[in-house]
Amino acid sequence: MATYDFIFDGLGLREWCDKDATAGPMSMADLLAQGSGKGADGGTDAGGGSSGVSLWELPFPSLDALNKACPAVARTREVTKGVESGFLDIKDSLKVVLDPVTQPLSWFLEGALYAFQTTPWFIMIPLLLAVVYFASKSFKLVGFVAFSIFFLAFIDHYNFAMQTLAIIFVCALLCVLLGVPIGIAMSRSDTLQRMTIPVLDMLQTLPPFVYLIPLIFLFSVTEPKLYGIAIILYAIVPVIRLTDLGIRLVDKEVIEAADAFGMTDRQKLYRVQIPLALPNIMAGVNQTIMMSLAMVVIASLVSAPGLGVLVLRGIRNLELGVGLIAGLGIVLLAVILDRVTKAALARVNAASAVQRNS
Amino acid sequence: MNGAAAMEKTVKLSIRNLYKIFGPDPRRALEQVRAGVDKPELWEKYRHVLGLQDINVDMKNGEITVIMGLSGSGKSTLIRHVNRLIEPTVGEIVLDGENIIEFGEARLRELRRKEMSMVFQHFALLPHKTVLDNAGTARSVRGEDRSSYEKDARGWLERVGLGGQEGQYPHQLSGGMQQRVGIARALTSNAPIMLMDEAFSALDPLIRTDMQDLLLELQTELTKTIVFISHDLDEALKLADHLVILKDGMVVQQGEPQEILLNPNDPYIVDFISDINRARVLRVRSVMDTGLDAAPAVAGTVDADATLESVIALSGGDTALSYAVKRNGTHVGYLDMKKLVRALVPTAAARDGMRNAKRRSPG
Ligand SMILES: Nc1ncnc2c1ncn2[C@@H]1O[C@H](COP(=O)(O)OP(=O)(O)OP(=O)(O)O)[C@@H](O)[C@H]1O
Ligand SMILES: [Mg+2]
Chain R
1 MATYDFIFDG LGLREWCDKD ATAGPMSMAD LLAQGSGKGA DGGTDAGGGS
51 SGVSLWELPF PSLDALNKAC PAVARTREVT KGVESGFLDI KDSLKVVLDP
101 VTQPLSWFLE GALYAFQTTP WFIMIPLLLA VVYFASKSFK LVGFVAFSIF
151 FLAFIDHYNF AMQTLAIIFV CALLCVLLGV PIGIAMSRSD TLQRMTIPVL
201 DMLQTLPPFV YLIPLIFLFS VTEPKLYGIA IILYAIVPVI RLTDLGIRLV
251 DKEVIEAADA FGMTDRQKLY RVQIPLALPN IMAGVNQTIM MSLAMVVIAS
301 LVSAPGLGVL VLRGIRNLEL GVGLIAGLGI VLLAVILDRV TKAALARVNA
351 ASAVQRNS
Chain H
1 MNGAAAMEKT VKLSIRNLYK IFGPDPRRAL EQVRAGVDKP ELWEKYRHVL
51 GLQDINVDMK NGEITVIMGL SGSGKSTLIR HVNRLIEPTV GEIVLDGENI
101 IEFGEARLRE LRRKEMSMVF QHFALLPHKT VLDNAGTARS VRGEDRSSYE
151 KDARGWLERV GLGGQEGQYP HQLSGGMQQR VGIARALTSN APIMLMDEAF
201 SALDPLIRTD MQDLLLELQT ELTKTIVFIS HDLDEALKLA DHLVILKDGM
251 VVQQGEPQEI LLNPNDPYIV DFISDINRAR VLRVRSVMDT GLDAAPAVAG
301 TVDADATLES VIALSGGDTA LSYAVKRNGT HVGYLDMKKL VRALVPTAAA
351 RDGMRNAKRR SPG
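Chains as they are written, first to last, in this note's numbering: chain R, 1 to 358; chain H, 1 to 363.
Calculated from the structure, these hints are not laboratory results.
Example chain R residues on the side facing chain H (calculated, C-beta under 7 Å, incomplete):
id : residue
1  : E253
2  : V254
3  : A257
4  : D259
5  : A260
6  : F261
7  : G262
8  : M263
9  : P275
Only pairs whose alpha carbons sit at most 27 Å apart, straight line, appear in this in silico DSS-like list of lysine-lysine:
id : chain 1 : residue 1 : chain 2 : residue 2
10 : H       : K129      : R       : K268
11 : R       : K137      : H       : K129
12 : H       : K9        : H       : K114
13 : R       : K342      : H       : K129
C-beta: ideal position from N, C-alpha, C; glycine also.
Pulled out of the complex, with its shape left as it was, chain R reads as follows (with noise of 0.2 Å):
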């Protein structure tokens, strides 16, 4: 029989596996056999392998290896199978809270991708530019953009683009909103700081595609809150991360001097640690800017419109030409937003040179 059958017969626990032998759900390996097209017969040795086998083969005492020696263990299957009622189960409820609190953001986004795209070009590209200009007060800049925007425009990516545009310019400055008031509050308190740390740690590790697992469950695919809340749970964490270092980083002594002058916490907050954090708050930006548009490419499978669609299709249907010129514009865009938030950030470096040089 099976390797495992001794623990149970030594153990006397024979009857009891017999007892309730049911058939169940197939092992993992029975699983994904079946996915890759194979027999079922294939993967049966896998899981539990006959009681023949050298020490060598000895297969660890997974679940469902012991399940092949006594069938009233619960195999693999059975925990996954679990995992997902539970979420089912709690889905519901789960739903009737996080629906009303994330509707805000499909409005945002559907208003945003409306404006992006019904606004003439003539109007939205001098617009773009006068924001690149406000932004670096760089003239070279302001030409590189222009030149990118008109090639993307020439070649027709001109719609795509905006909507990818639109949907960045809506995550971004939601995780910004939110992110900068908790990393404060993470500053401010060593507590939530450590409690915060491991879940910013686990948004940040986690493949982009497994949020959208859950979130696939929750929301219907044709919400745009859907991609709107992957995107932004996977790029909020550098400006929580950089506003929470800036703030502890502002010199002792300057908050010292706030408190013996009598400052308000409020005072403290506005008039030192913010414009002292500022340069690390940017910096966050730029790398929160950076991953909504990694994430809003992946978003596309899950209907979240722009230059992404035109890679996924490009990799469907092997299209080579179509997923490249994606991809160069995604790499402009890029450019773009980490150019433009760089030169930001590098003019307030150095209206604030400072602390370094005192």
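Given the structure of chain R, go ahead and fit chain H with the ligands onto it with the hints provided.
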């Protein structure tokens, strides 16, 4: 300075029975300290740092109190208790008859805004604000707008020698200039008490002497109550009306600086003062005789505040002479050159081997 006028001044700020222990359970450690455990032992056995131990200091209105001691002796800890940047374990800080340790948050803030200003070792200016705005910090924190403090701020910046540089940013100034901004900031606040934690220690010696002169000059007009921290004896002797010497969180001696120089009560202090040029620091008034009935034959007249060095130069090194001592034209006593020379001999304890344990702090 240096208590020339013997007029009695009122006590402005008084620190009473102050203890500060750093650690997780300072109250329990306090019992050990009261039972006689000293700083190293408290750390060895109980893992608490004894910051300050039974501090009693009276600071008089209009005087400069200098707190001095080696690194780690608790100077910064002590001055930060005065505006409660650090809370004491036990003890009182009495300002104009009120114990400020009992003040609630709002009153404490009021106190910090109106009664006290502080000058920091590393200046602690706001790097993103102009010199003018920095000077006006205290006033703008109180809610005044620029028009109401601008004139004062400009005036003080002018006074400390920064006229015309109001629009610059701190990083555009040298260290000495930045500290002038720090002083202008403290002065613009109009607070009667000024706390200065090693305010001149980060400056190079020439600028430092400059700043000391500036402070003394300002003090003759303003007569603020100043608490000044220093680890430099020359600086302390130059500025102090009242000198407090700290060691391991304890006051080892306090009083008029000349008095401490002539009668040090602890080997630690002897060690401290053994390096200085006594002739340059001691004054005629500290070694003259006031009680003589029969006037000796005098070789001339010297001022009570003259240094002994200047009298030696005057006498040409002749120890047989005596001088009449005058203050503001009135006769106050006689100075015997032999007594003068005796005052220059370092106190006995100085030869008791303390010199080889040379532990003066740098700077
Ligand atoms: N927050 C703290 N926690 C623990 N120990 C402290 C703390 N602050 C100060 N101490 C200790 O208190 C003692 C006095 O420190 P303080 O900073 O007052 O010294 P100082 O006389 O100002 O020295 P320096 O001349 O180096 O500035 C030192 O032994 C120091 O280690
Ligand atoms: Mg100190």
